[in-house]
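*Asks:* With chain E fixed as given, assemble chains V and C onto it according to the hints.
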Amino acid sequence: MIGQAVLPTPELVFEPLLPELVLVVFAMAGLLYEALAKRTEAVVHLSIGLVGVVLAGGTSLWLWDWDGPATVLGDAVSADRFAVLARLLLLVVAALGLLLGHQYFARSGDEQRGEFTPLLLFATSGMTLIVASADLILTFLALEILSLALYVLTGLTGRRAANEAAMKYFLLGAFSSAFFLYGVAMAYGATGTTKIAAMALALTGTGEAQALAVLGFALLAVGFAFKVSAAPFHMWTPDVYQGAPTPITAFMSAATKVAAFGALIRVLDVAFQALAWDWAPVVWGLAAASVVIGSILAIAQTNVKRMLAYSSIAHAGFILTGLTAAGSAGIRAAMFYLVAYAAMTVGAFGTVMVVSGRGEKRTRIGDYTGLARTNPIAAALMTLFLLSLAGIPPTAGFIAKVNVFSAAIDAGYWVLALIGVVTSVAAAFFYLRVIVLMYMQEPEPAAPSLTEKVGIGAENSATAILAIPAAATLLLGVFPGVIVGIIRDASVLRW
Amino acid sequence: MGPHGSLVSVVAVGLSDYLPILLMAVLAIVFAVASLGASALLRPRRPNRPKLSAYESGNDPVRLPGGERFSVKFYVVAMLFIIFDIETIFLFPWAVTFRQLGLFGLIEMAIFIALVFVAYVYIWKKGGLDWSATPPELMDDEDSDEPAAAGEVSLGAR
Amino acid sequence: MMLGPSLPEASSLSPLWLVPAVPLLGAVINLFSGRRLGRSAGWIASTSVGAAFVLSLWLVIALLERSAESRVHIQHLFDWISVGRFAVGADLRLDVLSATMILVVTGVGLLIHVYAIGYMEGDRRYGRFFAYLNLFVFFMLLLVLADNYLLLYVGWEGVGLCSYLLIGFWFEKTENASAARKAFVTTRIGDTLMLIGLALIVAGFGSLDFGAVLGAPGDTIAKGTATAISLLLFAGAIGKSAQVPLHVWLPDAMAGPTPVSALIHAATMVTAGVYLVVRSAPLFELSGVALTVVLIVGLVTALFAATCALAQDDIKRVLAYSTVSQLGFMFMAAGMRFYTGAMFMLVAHAFYKALMFLGAGSVMHGMHEETDLQRMGGLIRRMPITGWTFVVGAFALAGVFPLAGFFAKDQILEIANHTGRTWIYLLGTLGALLSALYIGRLVFLAFFGSPRSEAAEHAHESPLVMTVPLLALAAGAILAGPLLSTSAEGTLARVLEPVTGPVPHGEGLPTLALSGIATAIALGALALAWWVYASGRVEWLTLRERLQPLPRAAGSGWYVDRAYSTVFVNPGAAAARFTANVFDTKVVDGLVNGVGTGTRRLAAVGRLLQTGFVRSYALAFLLGAVGVLVWVGTRL
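Chains as they are written, first to last, in this note's numbering: chain E, 1 to 495; chain V, 1 to 158; chain C, 1 to 636.
Don't take each hint at face value.
Straight-line Cα separation of at most 20 Å, EDC-like style, residue types lysine to aspartate or glutamate; simulated pairs [said to hold, decoys possible]:
1) K173/C <-> E369/C
2) K125/V <-> E41/E
3) K173/C <-> D314/C
4) K73/V <-> D130/V
5) K173/C <-> D123/C
6) K126/V <-> E41/E
7) K223/C <-> E285/C
8) K73/V <-> D85/V
9) K126/V <-> E115/E
10) K173/C <-> D372/C
11) K173/C <-> E370/C
12) K38/E <-> E115/E
13) K125/V <-> E115/E
14) K38/E <-> D130/V
Some, not all, of what chain V presents toward chain E, calculated at C-beta under 7 Å [as the list claims (entries may be wrong)]:
15) L101
16) G102
17) F104
18) V118
19) V121
20) Y122
21) K125
It should be emphasised that the hints constitute simulated quantities derived from the structure, not laboratory data. Think of the CB as a built atom: it goes at the ideal place given N, C-alpha and C, for glycine as much as any other residue.
Next up, chain E with everything else stripped away, as it sits in the complex (with noise of 0.2 Å):
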């Protein structure tokens, strides 16, 4: 052995990966301190994590002019725009989650929660790192750094619906995992690499249907659908997202949508983009199932975390409605739509974060009523954002949800865009309703304001922090022409 031929390296190339390095440094800090310190302030933390994630965004932005390879470190780590702008998406709910978080601890009463900034970090690393991964095996890891991430943070508060819904997310993400790494195994057996350039190479141009690299799809399709919940892989959503404290709830409903999409558009349009006469049915499937559970059974829902977790359901269904469309016409769909759903999911959610009050009492649909007395720009923020939700003008929802079913039309898919729209009107209804709870009814004389029990100070600074997504629901529902250039020049996946 000894005296034999160097062992073929990667040439040592991090400037792609310079985001996840910074957020795992941050984070890494942030647990030394929560282990060193004599006392711990929530400030410090709050600043480790915003700081790292504002570095890290630095360092994305930088790479949108990167020149160097396409694909870094032995071809697993991709440096094109798709991933730069998921990235800086992901960090941008990053830091919403963060301050939410931040002000959740503080008013909750609860002990102040020191791997909360650390844990949050670790799973926006994973989620930035699988949206860059050209390497199945590196997808594999970068779901299980977030995965793990958000189970733990799932639980972060020790209640008993917590440890609940962090136990079934748990059990089944490692179920679903299980299929996702079998489908790297089946693809492997197929095309004989990991590397999804590679694989896309190979499976280009041999013009049979190949029944192995197409079972492989179907296992890593299941691992994806758990992931951004499409059914019928959705049952841990409502459960999770209700249990979860709200804050986290924000996080990882936009979050890991937006990373699992970023992760799935590449095994789409890269790896099997030759196999996409055959994968896109069982896109059309997981679509069509999702739109429609999601829709009808948010309709029974009397908690208002999961009537969102069910509409975040019917969200993954038209996303993949417009990932049916091959190519950059369906990327570019779904990335705005990722983007719009990402900011009213966040505002959904913090929405709720803030009407909740101290020990998330106040989650029922009923606890609702005569919201725009008690407390207006709470209801004002929370009929924005919900008429987003139903796609309803001039509200980003709407402009989300016209282009998917365009994409999908152009693609020859009319029938599924005819089951969406039928159900998004169906959802308006579960939407509107809440609304009209908040307006049109007087509140309950027992219900107390919120003012009473959080103080105004809290109140408004979560409220604040709730105008950005406020505001980027409204100006990309007015004016989506803003990001559609950076959409645009990002929908191209260089491998």
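*Replies:* This is chains V and C only, laid out in the frame that chain E set:
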């Protein structure tokens, strides 16, 4: 024929050597199901306590772990053991091929060890390695639980 | 030739975007710091509109320096919406038609802003008022400068919003708030139909750009589609321009401050409907039927509103019905393809009607908010500037040579005669007679005869800041005719021709004879009005009693409001009550409390699956995975 045939041909050609095993498995399943089913249909049903108890070679059954509470500390220790075990196992092949892997291997390993080290410091300071003084974070803190209000006992049961 | 979007090259027309932007800036400043600015809020607002006016003037001159065919400038600001293949940009279009409109909007708007500085003096929400007024000007400019129907619609809704805010500006009084609501809801009926029209345009043309829609070859869409689109657009115009049957909101809208009535409900916003029809003329012509509808609605409105105006005792309500009637004349002109006539009347009307509204405001200012004609009289001695400028406006409206209104109305009737529409001509002439009568009645009751109340005797002239705009508008009312259009093919018509097409031709009575008839009718009606209301020889109140119930019916607007209440509003309210009491309590509350049995049944299947047990979730997961694999397997 490579892996590029249809599903049926993959099964038929690639796995044809295993056909006897498949047949064997099918036979075993059929036999088990059939004999259990037949006995269920034919046997007299007169249950009593000894008959229903678990069969443990004639001894009195020992209570199963499901009915008892183990201290959560066991799980923590088990997890920590696995983490550091993996670290060791990972270090070993690296040490063997250290020269061949060169700078790349060194940097990768530095990152890995740094991560595990920070985790180690964290666990140490938080008292995870301390058997006697259980830190509050790792305790099953019953008192911080909400009272289980009606309808909120279990998520999703509605 | 400006066919595509403008290139970044410097053009003398490139500051176009500043025209709407400057009033918007004024609105923003006043909205956020109006309270601190105090009195200067009014000056800031006026300056911003003034700047927009100067800029417009400069741009229009630059535009007119070009040759007639190249007088179009399209400015692409940014991509606004791009969904699939459908794209809408934020594009502004300056052509002769929009040039006419921006001059009217900023010019008349400037005078009214200055006037309002004096009129709103001492109001608690002074800054807020000017913020709204500036915002209105912004949206109005957006409406007329838009290069596609969607941007136009944004302006359209924006002016509606500002109108709502300004009618209800003194919302402390219930009637003002309800008038604002009425205006909003009534125009919303038309707006909704118009939005459907826009959807049909997209379906038919695949675009909303004026260039693509109006310049499309004639066989792009079927005639029936063109009729549907035109009528839906016209429905929007009916609502906005207060035509029968959606006219009911405008008289009530007089609850707003008088400068608002002058700017929004006389000179600009209500004429947006006329602009829309003229702009969309190719669509209306493709349909043909739609033009007839426009003509008939215009004619009916002109006559109907004139009779109502004759019986009003509130000075502002007379003017409001008069506006409705005059807008009817404009639609008549458009319905006869005499688009330049409609535009000329729009310009002339903006001058003399704004003048009279501001005059009425000046009267109210001088008489402690008195609006009842019965309590006025002889005011011309107390407030000479207001009085005489008002007389100029009234004579212009009545159609006295050589004021602007004379040419406007005369030309419309001439075209009716020359295109062989004898009935239209006769009824139009009747409308002109009624117009002269009601405006004569107003003038002689208010300004001549003897004072009929304490307030009228002690009325005082308004300050300079209010009378100067009156004088400027009076000059406009006098000069607009000779300057712009002394014949049906006058200056304005020649300028507008590239957009509106040539003036229709035909044979009929000689122009001079028609003018003679018109003048005789106007003067005769005015004389009659003087004899009844100001000569002192007729007891007009007794006369009115003798004619009952006719005046009462006309005074109530022929009971249209009451009919609407019975037919629409009350059943609507009942439905709303039903919704609130039965639907909300039974259905909505039922859901909320989780006892809605219907929904429970709906979700029964879902509940069976969603047990809360991880094992059943895992089972569902497994079944799903098997389903996916089977689905894939069957397709191999």
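*Asks:* Looking back at the numbered hints, which does the structure fail to meet, lowest number first?
*Replies:* No hint contradicted; all consistent.
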